[in-house]
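Full structure from sequences and hints, please.
Protein chains: 2
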Amino acid sequence: MNVKEKGVRHERELAEELWERGWAVVRGPASGSGARKRFQPDIVAARDGVIVAFEVKRVSDPSKPLYINKRQVTGLLEWARRAGGRAFIAVRIPGVGWRFHDAEGLEDTGGGSLKISKPSSGLKLIELEETLLPSSRKLDYYFTRGQT
Amino acid sequence: MNVKEKGVRHERELAEELWERGWAVVRGPASGSGARKRFQPDIVAARDGVIVAFEVKRVSDPSKPLYINKRQVTGLLEWARRAGGRAFIAVRIPGVGWRFHDAEGLEDTGGGSLKISKPSSGLKLIELEETLLPSSRKLDYYFTRGQT
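Heads up: the protein sequence lines correspond to chains A and B, in order.
Position one of the first sequence corresponds to residue 1 (this note's numbering), numbered consecutively onward.
Position one of the second sequence corresponds to residue 1 (this note's numbering), numbered consecutively onward.
Worth double-checking, as some hints may not be accurate.
Same chains, same names: a pair is fine if it fits in one copy or spans any two.
[To be verified] Calculated pairs, DSS-like style, for lysine-lysine (alpha carbon to alpha carbon, straight line, at most 25 Å):
| id | residue 1 | residue 2 |
| --- | --- | --- |
| 1 | 6 | 118 |
| 2 | 64 | 6 |
| 3 | 4 | 37 |
| 4 | 124 | 37 |
These are calculated hints, taken from the structure and not from any lab test.
Put into structure tokens, the structure is as follows:
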């Protein structure tokens, strides 16, 4: 399996997990399709009026910082601004799982990249839901807590 | 250009028009990708917290009814229900343009299909926006009215 196939497999995996947890989910088309004119996130998820745009990344060594193309993040943030939603970088870490970092306020290295110093320090999926969904959803949290 | 390429071209065209009008837009992946486990709309658009899922269709003869697979519509409605949004069938009619039909309340033919008797009777894009967006957006309507 090459790098691109691996990326697609991870995107699908996250999309499926979000769907199973009750989100409406759509994966964007492969990078490049129409991407010149307008930015398209890797995944868009929505639930009860809450919209989230994700850029999906993976790291092999969670102790090393992750650098993300600044223009990609700018596109993601513009998408979320239009939608009236939020933007997150979803980082897949082997042996750890998914960690989510708010795309807003990432560290600017000054060289065309933004930096996530500690990919593993991001929110877990269940914590992301806690952050995004209204308090009426908090009950779910306690019921599903042991599962993620 | 074959039928599939034409479909993709029309989807892109609508996605671009929505983007130009201020919507955040994402085109779903080609039919079939992950579609077995979970439904993915052809296009998802969002603006200021309003979410719309589109199934894109085209007709060559606008005087003939359009039949849509019932399971497709059920999937689209389920997607919109989860998202807390709305679902529309976007119909491309040559010489007329786009017309939008609420996926809710389509006529059931009883044979696994839902029917749009008069594709050309749907909402224009600007009328769709009028229906979906809060009244604070109505000003846009008057400014852009002549353009569509």
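Margin query: Output the indices of the hints that this structure fails to meet, ascending.
Written below: Result: no hint breaks.
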